[in-house]
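**Student:** From first to last, the protein sequence lines stand for chains A and B.
For the first sequence, the working numbering assigns the number 1 to the initial residue and increments by one for each residue that follows.
For the second sequence, the working numbering assigns the number 1 to the initial residue and increments by one for each residue that follows.
If you are wondering where the hints come from, they were derived from the structure by calculation, not from laboratory data.
All of these numbers come straight from a predicted model, not from anything done at the bench.
Possibly wrong hints are sitting among the right ones.
Okay, the calculated beta carbon distance ranges per label pair [as the list claims (entries may be wrong)]:
1) A85(A) x E118(B): 49 to 55 Å
2) S251(A) x N70(B): 48 to 54 Å
3) D752(A) x E118(B): 39 to 45 Å
4) A153(B) x P595(A): 46 to 52 Å
5) E578(A) x A153(B): 46 to 52 Å
6) G34(B) x K282(A): 25 to 31 Å
7) R57(B) x G12(A): 41 to 47 Å
8) E118(B) x A754(A): 44 to 50 Å
9) P140(A) x N70(B): 18 to 24 Å
10) L18(B) x N252(A): 37 to 43 Å
11) P120(B) x D621(A): 29 to 35 Å
12) D126(A) x P120(B): 43 to 49 Å
13) E118(B) x A150(A): 52 to 58 Å
14) K85(B) x A221(A): 39 to 45 Å
Derived BS3-like pairs: lysine-lysine, alpha-carbon spacing no greater than 30 Å straight-line [unchecked claim]:
15) K394(A) x K628(A)
16) K61(A) x K540(A)
17) K9(A) x K85(B)
18) K61(A) x K85(B)
19) K182(A) x K413(A)
20) K506(A) x K3(B)
21) K394(A) x K316(A)
22) K9(A) x K540(A)
23) K180(A) x K315(A)
C-beta atoms are modelled at their ideal positions from N, C-alpha and C, and glycine is treated no differently.
These are the residues of each chain, in order.
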Amino acid sequence: MNYIDSSLKVVGTRPLRPDGVDKVTGRALYSADTRAAGMLWGKILRSPHAHARIVKIDTSKAEAMAGVYAVCSAADFPDIPSEEAFVGEGPMNFRDLAQNVMARGKVLYEGHAVAAVAASTPAVADAALAAIEVTYDVLPYVIDVEDAMAADAPVLHDDMFTAGVDPKPTKASNIAKVVKFKKGDVEAGFAAADVIIEDSYTTQPVHQAYIEPHACLATCAADGQVTIHASSQGHFMIRAYTAKLLGMDMSNIRVNPAEIGGGFGGKTLIYIEPVAVKLSQKSGRPVKIQMSREDVFRGTGPTSGASVTVKLGAKKDGTIVAAQTVLKFQAGAFAGSPINPGCMCGFALYDIENIDVLGYDVVSNRPKVAAYRAPGAPIASFAVESLIDDLASKLGMDPLTLRQKNMAKNGTKTHYGPTHQNIGFEQVLAAVQTHPHWKSALPAGQGRGLACGFWFNIGGESTATVHINEDGSVTVATGSPDIGGSRASMGMMVAEVLGVDISMVKATIADTASIGFTHLTGGSRVTFATGMAATQAAEKVVDELKKRAAMIWEIQPDAVEWRDGKAFPAGSNAGGFEPLDLAELALKAARTGGPVNAEVSVNAQGAGAGFGAHICDVSVDKETGHVKIERYTAIQDVGKAIHPSYVEGQIQGGAAQGIGWALSEEYIYSNKGQMDNPGFLDYRCPVASDLPMIEAVLVEVPNPRHPFGVRGVGEVPIVPPMAAVANAIKGATGLRMPDLPMTPPKIRAAFDAAG
Amino acid sequence: MAKQYVSATINGEQSEFLCETQQSMLDVLRDVIGLTGAKEGCGSGDCGACSIILDGRLVCSCLMLGVEANGTTITTIEGIAQGDKLHPIQQKFLEHAALQCGFCTPGLIVATKALLDENPNPTETEARYWLAGNLCRCTGYDKVIRAVMDAAAVMRGEAA
Numbered sequence: 001m002n003y004i005d006s007s008l009k010v011v012g013t014r015p016l017r018p019d020g021v022d023k024v025t026g027r028a029l030y031s032a033d034t035r036a037a038g039m040l041w042g043k044i045l046r047s048p049h050a051h052a053r054i055v056k057i058d059t060s061k062a063e064a065m066a067g068v069y070a071v072c073s074a075a076d077f078p079d080i081p082s083e084e085a086f087v088g089e090g091p092m093n094f095r096d097l098a099q100n101v102m103a104r105g106k107v108l109y110e111g112h113a114v115a116a117v118a119a120s121t122p123a124v125a126d127a128a129l130a131a132i133e134v135t136y137d138v139l140p141y142v143i144d145v146e147d148a149m150a151a152d153a154p155v156l157h158d159d160m161f162t163a164g165v166d167p168k169p170t171k172a173s174n175i176a177k178v179v180k181f182k183k184g185d186v187e188a189g190f191a192a193a194d195v196i197i198e199d200s201y202t203t204q205p206v207h208q209a210y211i212e213p214h215a216c217l218a219t220c221a222a223d224g225q226v227t228i229h230a231s232s233q234g235h236f237m238i239r240a241y242t243a244k245l246l247g248m249d250m251s252n253i254r255v256n257p258a259e260i261g262g263g264f265g266g267k268t269l270i271y272i273e274p275v276a277v278k279l280s281q282k283s284g285r286p287v288k289i290q291m292s293r294e295d296v297f298r299g300t301g302p303t304s305g306a307s308v309t310v311k312l313g314a315k316k317d318g319t320i321v322a323a324q325t326v327l328k329f330q331a332g333a334f335a336g337s338p339i340n341p342g343c344m345c346g347f348a349l350y351d352i353e354n355i356d357v358l359g360y361d362v363v364s365n366r367p368k369v370a371a372y373r374a375p376g377a378p379i380a381s382f383a384v385e386s387l388i389d390d391l392a393s394k395l396g397m398d399p400l401t402l403r404q405k406n407m408a409k410n411g412t413k414t415h416y417g418p419t420h421q422n423i424g425f426e427q428v429l430a431a432v433q434t435h436p437h438w439k440s441a442l443p444a445g446q447g448r449g450l451a452c453g454f455w456f457n458i459g460g461e462s463t464a465t466v467h468i469n470e471d472g473s474v475t476v477a478t479g480s481p482d483i484g485g486s487r488a489s490m491g492m493m494v495a496e497v498l499g500v501d502i503s504m505v506k507a508t509i510a511d512t513a514s515i516g517f518t519h520l521t522g523g524s525r526v527t528f529a530t531g532m533a534a535t536q537a538a539e540k541v542v543d544e545l546k547k548r549a550a551m552i553w554e555i556q557p558d559a560v561e562w563r564d565g566k567a568f569p570a571g572s573n574a575g576g577f578e579p580l581d582l583a584e585l586a587l588k589a590a591r592t593g594g595p596v597n598a599e600v601s602v603n604a605q606g607a608g609a610g611f612g613a614h615i616c617d618v619s620v621d622k623e624t625g626h627v628k629i630e631r632y633t634a635i636q637d638v639g640k641a642i643h644p645s646y647v648e649g650q651i652q653g654g655a656a657q658g659i660g661w662a663l664s665e666e667y668i669y670s671n672k673g674q675m676d677n678p679g680f681l682d683y684r685c686p687v688a689s690d691l692p693m694i695e696a697v698l699v700e701v702p703n704p705r706h707p708f709g710v711r712g713v714g715e716v717p718i719v720p721p722m723a724a725v726a727n728a729i730k731g732a733t734g735l736r737m738p739d740l741p742m743t744p745p746k747i748r749a750a751f752d753a754a755g
Numbered sequence: 001m002a003k004q005y006v007s008a009t010i011n012g013e014q015s016e017f018l019c020e021t022q023q024s025m026l027d028v029l030r031d032v033i034g035l036t037g038a039k040e041g042c043g044s045g046d047c048g049a050c051s052i053i054l055d056g057r058l059v060c061s062c063l064m065l066g067v068e069a070n071g072t073t074i075t076t077i078e079g080i081a082q083g084d085k086l087h088p089i090q091q092k093f094l095e096h097a098a099l100q101c102g103f104c105t106p107g108l109i110v111a112t113k114a115l116l117d118e119n120p121n122p123t124e125t126e127a128r129y130w131l132a133g134n135l136c137r138c139t140g141y142d143k144v145i146r147a148v149m150d151a152a153a154v155m156r157g158e159a160a
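So here's chain A without its partners, still in its complex pose (with noise of 0.2 Å):
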């Protein structure tokens, strides 16, 4: 069924979270917030070398020590074959992914897992990882993309053969693949065009910087049987991947969701699981690993570095007849940066006729990238939208009028393919226009920017159940970690379609031996496709109380009708029989089949693509470099917003990770290849006293294809930011900053050359 035209009356509204009591009052059992009677500790020591050939592993004097249980290395687990999967936001390759998880012959970053230890105490475990002698034979290593794309650069794999080009390169190289993406033919646009321009920007990687560090217990029974308690964006993804890593089977290892710190695409693959269960399995004893911050900077993926270039082609008019870029994105260690939803991105917001897109994927001595909200789009719209902004100066046109001459619209055929359909980036667009922030004078001093995002949003493997308890009533259980209030809006959409209020549903996160298969919370899928998946299960339900109803009352089940929370009888019934409420149907449940649920499991499709635009308001200090964010909007199409305070959120938090993009958020590399700022002190997130209020606005162009219009909304919000602050910058100071993080040294720089 679909609601987008009905009236609602839970879908909408703002109810207090189902699981906000234990939030806030400090009861919620984070990954790192259990034990287990007979727990030891598990550490794991990291390489202090950016890249090195492994000679020898010692670990005889850490095993000889008291307190020691376990210890492993590379040689415990499977020599997992290169085999590609698909995950989600992007590819895995499970043999990359086991030499992440514990280095096999070369250490490939500084902090690349060696060895790991299972001890009585943490302070034991540390003494155990101090003994333990690695010898290394130090390599040349390679940090940044450029670099490691020179014909000289030290390569990281020797049976990395650049993919993408042809003929086959005979010789290894750090470059893991080219992609290319053409539309029409961009050099006769080019010869066509009355105005071109072209500038290089380069950005820096960001950590996710979810606030809890990763950390997992693992229990392995006699009969090895496995549990293991840990947060995730997916723990299906960490039953599946720990399974292939360690060579067991699926139906061996349970996962229980705990409660996930943050994630923003950080949690989309393991680190520690394998490692802990292997501990468990030698030792014989339940083994937690909690990582330190320090460990997560160094061990665990940022998302991409990277260097662009981007020329666009114009008419006097506006009209953008031409559009080239060529991407370089670091990948980390091991091939996988989001090169392809970069490639894609940039250019999706607008109607161009000819478009040619060259990426490549880089290998290089840092952590391996992992996905970061809207992977590579944020990268790939820094530039598009700084350069856009150019445009307009240099058409003498209002940044807005120029973007609405070009935009993207329902039919306009992407350079990747598919061509857009209900989408609302029009309508966003057009918000702007309207929007008082918009509208209102700059005060004096400052500067306005405005920027746009583009991100696909996905659908996929989603599986609910809806059951009326007892007592009448309603549980909804899902696969899907609840990052940021999608129990709330799970609950919502199942209260809505039984028609009862919100505080009659408990929405509930179920295990992966307790519910079928769901994909990991990301790709802004969980609204949309669990969504889905529990709207139809309360579909189901009503039918089946709808057959109850009928067998109570000896009429036909579609003499009766479901609405309000109760059966009515409905045609030449009406008025016949007093309606049954939930409470009634469940005491009546044994004598009329049994207990009511349902589970669905949905392959969700039609996931409606979301745009964004941002408007950023900056004063800069042109003594010290400093820039202040005065006053920032970002508008959205969410589609329809079943909790219009936890979608704010989503957009609000994107932006604020954007504006850390922008401003001050980089790795910083010492002589020898190791990062100087693994702590939040030097890697600087934004803080309260950073920012002002975001004013998030929220467009709903329903999706057609979700039961009440929904669409996903957590990614777009980060794609816009950094163009929109450096728009905002040019428009203070006249200074075009094309270098991310936009630092006060930076600034004051780009001033000292203006003059």
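Since the structure of chain A is provided, determine the placement of chain B on it from the hints.
**Tutor:** Chain B in isolation, oriented as in the chain A frame:
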């Protein structure tokens, strides 16, 4: 080295525990006493997820030794509500949807309590600077600050 005996008032109750001399108060709370509401986000005093109130002062429990708790009075997130009655700060965090993942929330609520104990009528700027030691990566702080300002108003008796 032998464990040390420590006696402190924690959330209104007299508590006694033994801890290693090098153990942080955060590790004591979480691993010795079993109060896991305070979180370790960094272990270096930069994120505020482990915030507690020690003799009226807001401190990061990861930067304090367990033995230093001897003779002190400590409030953790578990001691903010009165029984099953939420503190207005907790209630306003819920109403304003000022949490997404909820991991930084205990620290933010404890820090807010310390702020409002000291300054019942903060400006938005004062609230933002006070909470600058509490990292939140999900919310962008907008709804957090609204919850803090609203809770302050309620506690002053100015709003519902």
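**Student:** Hint by hint, note whether the structure agrees.
**Tutor:** Right, here's what the structure says about each hint:
1. A85(A) x E118(B): 49 to 55 Å: holds (54 Å)
2. S251(A) x N70(B): 48 to 54 Å: holds (51 Å)
3. D752(A) x E118(B): 39 to 45 Å: holds (43 Å)
4. A153(B) x P595(A): 46 to 52 Å: holds (47 Å)
5. E578(A) x A153(B): 46 to 52 Å: The hint (46 to 52 Å, Cβ to Cβ) holds, given that E578(A) and A153(B) are roughly 47 Å apart.
6. G34(B) x K282(A): 25 to 31 Å: Since the Cβ atoms of G34(B) and K282(A) sit about 28 Å apart, the hinted range of 25 to 31 Å holds.
7. R57(B) x G12(A): 41 to 47 Å: Holds - the Cβ-Cβ distance for R57(B) and G12(A), about 44 Å, lies within 41 to 47 Å.
8. E118(B) x A754(A): 44 to 50 Å: This hint holds: roughly 45 Å between Cβ atoms.
9. P140(A) x N70(B): 18 to 24 Å: Violated, since P140(A) and N70(B) (Cβ atoms, about 53 Å apart) do not stay within the stated range.
10. L18(B) x N252(A): 37 to 43 Å: holds (39 Å)
11. P120(B) x D621(A): 29 to 35 Å: Given a distance of about 33 Å, which is inside 29 to 35 Å, the answer is holds.
12. D126(A) x P120(B): 43 to 49 Å: Since the Cβ atoms of D126(A) and P120(B) sit about 44 Å apart, the hinted range of 43 to 49 Å holds.
13. E118(B) x A150(A): 52 to 58 Å: At 57 Å between Cβs, range holds.
14. K85(B) x A221(A): 39 to 45 Å: holds (42 Å)
15. K394(A) x K628(A): Holds - the C-alpha atoms of K628(A) and K394(A) are around 26 Å apart, at most 30 Å.
16. K61(A) x K540(A): Not OK: K61(A) and K540(A) at ~61 Å, beyond 30 Å, violated.
17. K9(A) x K85(B): Answer holds: K9(A) to K85(B) is near 29 Å, not above 30 Å.
18. K61(A) x K85(B): Violated. K61(A) to K85(B) sits at ~54 Å, over the 30 Å cutoff.
19. K182(A) x K413(A): holds (12 Å)
20. K506(A) x K3(B): Answer violated: K506(A) to K3(B) is near 45 Å, above 30 Å.
21. K394(A) x K316(A): holds (10 Å)
22. K9(A) x K540(A): Within the cut-off at roughly 20 Å; holds.
23. K180(A) x K315(A): holds (25 Å)
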